[in-house]
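From first to last, the protein sequence lines stand for chains A and B.
Residues 1 to 197 (our numbering) are what the first sequence spells out, left to right.
Residues 198 to 605 (our numbering) are what the second sequence spells out, left to right.
Derived from the structure by calculation, the hints contain no laboratory data.
From the three backbone atoms N, C-alpha and C, an ideal C-beta is built for every residue, glycine too.
You can trust all of the hints, since none of them are fake.
Within a straight-line C-alpha distance of at most 20 Å, the following computed EDC-like cross-link-like pairs (lysine to aspartate or glutamate) qualify:
1. B/Lys490 - B/Asp557
2. B/Lys521 - A/Asp51
3. A/Lys88 - B/Glu493
Restraint-style ranges between C-beta atoms, simulated for each label pair:
4. B/Val372 - A/Cys117: 40 to 48 Å
5. A/Phe85 - B/His412: 24 to 32 Å
6. A/His130 - B/Glu599: 26 to 34 Å
7. B/His412 - A/Pro94: 22 to 30 Å
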Amino acid sequence: MAEQKFVVGNFYDEAVLFPAVKKVRKAGYKIHDVFTPFPIHGLDKAMGLRDTSLHTAGFIYGITGTTTAVTFITWALTTDWPLNFGGKPFFSLPAWIPITFELTVLFAAVGMVLTFCYLCQLAPFVKKDHFNPRSTDDTFVMAFECTEKTNEAEAIAFLQSLGAQDVKVEVRETRWWLGRYDKDTRPFGEQKELEAV
Amino acid sequence: MAIREHFEIPKRFNTWSFALMGLGLISIVLLYITHGSSKDPHESARFWASLLQNSVYFLLVVNAAMFFICATTLAWGGWQMSFRRVSEAVSAAVPVMGVIGVVILLAIVFSDNHTIYHWADTEHVQHDEILNHKKGFLNKGFFTAWTLLTVVLWSVLGWKMRNLSRQSDGKQMSVEEGKKYMWKNTVWSALYLVVFALTVMSTIPWLWLMSIDAHWYSTMYSWYTFASTFVAGVALITLFVVYLKNNGYLEYTNEEHLHDLGKFMFAFSIFWTYLWFSQYMLIWYANIPEETKYFEPRVQGPYKGIFFLNIIINFIAPLLILMKRDSKRNYTTITFMAVLIIFGHWLDFFQMVHPAVSTDHVPMMLYDLGIALGFVGLIMFLTAKALTKAPLVPKNHPFFKESVIHHT
Numbered sequence: 001m002a003e004q005k006f007v008v009g010n011f012y013d014e015a016v017l018f019p020a021v022k023k024v025r026k027a028g029y030k031i032h033d034v035f036t037p038f039p040i041h042g043l044d045k046a047m048g049l050r051d052t053s054l055h056t057a058g059f060i061y062g063i064t065g066t067t068t069a070v071t072f073i074t075w076a077l078t079t080d081w082p083l084n085f086g087g088k089p090f091f092s093l094p095a096w097i098p099i100t101f102e103l104t105v106l107f108a109a110v111g112m113v114l115t116f117c118y119l120c121q122l123a124p125f126v127k128k129d130h131f132n133p134r135s136t137d138d139t140f141v142m143a144f145e146c147t148e149k150t151n152e153a154e155a156i157a158f159l160q161s162l163g164a165q166d167v168k169v170e171v172r173e174t175r176w177w178l179g180r181y182d183k184d185t186r187p188f189g190e191q192k193e194l195e196a197v
Numbered sequence: 198m199a200i201r202e203h204f205e206i207p208k209r210f211n212t213w214s215f216a217l218m219g220l221g222l223i224s225i226v227l228l229y230i231t232h233g234s235s236k237d238p239h240e241s242a243r244f245w246a247s248l249l250q251n252s253v254y255f256l257l258v259v260n261a262a263m264f265f266i267c268a269t270t271l272a273w274g275g276w277q278m279s280f281r282r283v284s285e286a287v288s289a290a291v292p293v294m295g296v297i298g299v300v301i302l303l304a305i306v307f308s309d310n311h312t313i314y315h316w317a318d319t320e321h322v323q324h325d326e327i328l329n330h331k332k333g334f335l336n337k338g339f340f341t342a343w344t345l346l347t348v349v350l351w352s353v354l355g356w357k358m359r360n361l362s363r364q365s366d367g368k369q370m371s372v373e374e375g376k377k378y379m380w381k382n383t384v385w386s387a388l389y390l391v392v393f394a395l396t397v398m399s400t401i402p403w404l405w406l407m408s409i410d411a412h413w414y415s416t417m418y419s420w421y422t423f424a425s426t427f428v429a430g431v432a433l434i435t436l437f438v439v440y441l442k443n444n445g446y447l448e449y450t451n452e453e454h455l456h457d458l459g460k461f462m463f464a465f466s467i468f469w470t471y472l473w474f475s476q477y478m479l480i481w482y483a484n485i486p487e488e489t490k491y492f493e494p495r496v497q498g499p500y501k502g503i504f505f506l507n508i509i510i511n512f513i514a515p516l517l518i519l520m521k522r523d524s525k526r527n528y529t530t531i532t533f534m535a536v537l538i539i540f541g542h543w544l545d546f547f548q549m550v551h552p553a554v555s556t557d558h559v560p561m562m563l564y565d566l567g568i569a570l571g572f573v574g575l576i577m578f579l580t581a582k583a584l585t586k587a588p589l590v591p592k593n594h595p596f597f598k599e600s601v602i603h604h605t
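Could you build the full structure based on these sequences and the hints that come with them?
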């Protein structure tokens with residue numbers, strides 16, 4: 001368990017969020033993440049995120065698929081069990097292209113989905129904090145990390161001055177963990193039975 | 198932002214375009230002396246085949262620029278607005294290239310030499326059962342009428358689209374005016390696309406190119422030709438965009454737009470390969486003599502090298518080089534790939550036309566390259582002239598802002 005303190009603020013408007021991201025970075029705070037209900041163009045650049053290497057992984061998976069298909073079909077149809085199809089040579093590449101293509105796509109697609117889940121730490125039963133449930137609904141939630149030297153009151157005042165609402169300091173698990181949210185973090189409170197009319 | 202709206206042709210640009218046109222003319226004259234004036238029908242057909250290949254290829258390529266505009270207009274795309282005038286200027290070459298193409302095509306059809314279009318030999322057709330069946334489509338009358346009508350329609354509808362684009366230059370439009378303007382654009386581009394589907398995507402490649410091998414046919418052929426010329430057309434637009442950027446024009450166009458042009462080049466290279474392979478594999482698989490006859494000189498005969506070079510240039514190179522995001526945003530790689538793609542598809546057309554005429558040997562390609570460069574010079578000249586006539590940026594177009602903030 002690696003718990004850490006975060007300063008968390010809620011933004012209601014993109015036009016406020018973008019300058020705030022810039023100023024927070026300029027002030028030297030390390031942004032943990034900005035949680036938004038939908039992708040915002042240009043936010044990755046403003047936050048200074050590096051390009052994902054998911055495509056490189058995808059290319060490698062694709063190449064693996066191509067090689068697997070070509071080597072396996074070659075081995076099966078020329079060495080292991082050569083068959084004569086309509087007088088064509090045993091090694092007849094054009095007929096194998098569709099399979100090779102499909103295996104390339106299959107390997108790339110499945111591999112990239114799994115890699116994506118791994119990079120985003122998504123798996124059944126795995127939990128991850130996203131600080132404020134409204135980030136899945138209508139607001140943009142920014143969290144930046146506190147170190148031992150951070151003056152919390154100052155950081156809160158700073159974030160408020162940038163236009164954030166409900167700013168608070170929270171202690172959260174930074175990595176993913178297995179288990180359940182406890183009652184305090186249950187986002188929408190206790191589910192109540194509807195009273196019979 | 199202060200922008201440079203009016204393009205002035207640099208002296209060096211004009212020198213180059215005239216030099217290239219001169220080179221093209223010299224090549225044509227030389228080829229005429231060595232081959233065209235020969236008594237041997239095969240020798241003189243080699244001259245006409247070169248003219249046919251180059252004029253048809255470059256005509257279809259500049260026409261693809263108008264297809265690009267109409268397709269994006271019909272899809273209500275906004276990202277292309279910042280460089281839209283460039284593709285309009287490229288398509289402004291269609292009337293002149295069309296006249297050249299029509300003259301060459303009709304000269305071949307109505308000559309006594311039937312080596313290229315042997316369906317034009319009426320006496321021979323009577324004894325040829327296959328051609329006799331195709332007589333309703335492959336005859337001089339229909340060929341002439343349809344070719345003329347096609348070139349006129351491309352020119353007129355293209356002119357109309359350019360004119361519509363020019364209409365937005367006056368003053369800022371209100372929302373209502375903008376809606377009306379978009380509706381007019383939609384209707385005319387839809388009309389153009391219907392004509393395009395009936396010509397480039399079907400009949401025109403059958404008539405102009407596939408009928409060189411009149412006994413043979415392939416239902417993939419027109420799509421394949423379309424993909425070939427469209428990817429080359431996008432490459433041509435990219436080259437002009439890069440040239441204008443390097444000379445300090447098109448301030449609103451940045452590597453986001455270049456990235457999307459690169460994606461078009463990448464995607465349509467793959468699409469071309471898909472069609473190329475679909476055509477090849479079915480014929481290879483079925484192995485029927487009357488169908489494999491087309492591929493015999495190309496795959497096993499003297500054109501073997503060109504055939505495989507064709508796949509390397511037009512499929513493997515774009516696939517591997519343009520796959521990376523950075524290479525689509527880099528001016529050097531994108532320029533290199535655009536030139537390579539235009540050359541690659543020219544080579545593709547070379548192996549479509551020439552094997553039927555010179556079956557036993559590959560003709561010396563230097564002449565053809567010279568003629569191709571001549572056509573390139575002509576396109577450079579016509580495009581630059583069209584660029585000077587209108588502001589470089591349609592800044593009052595309703596969708597213009599979409600292009601300025603475009604982000605991939």
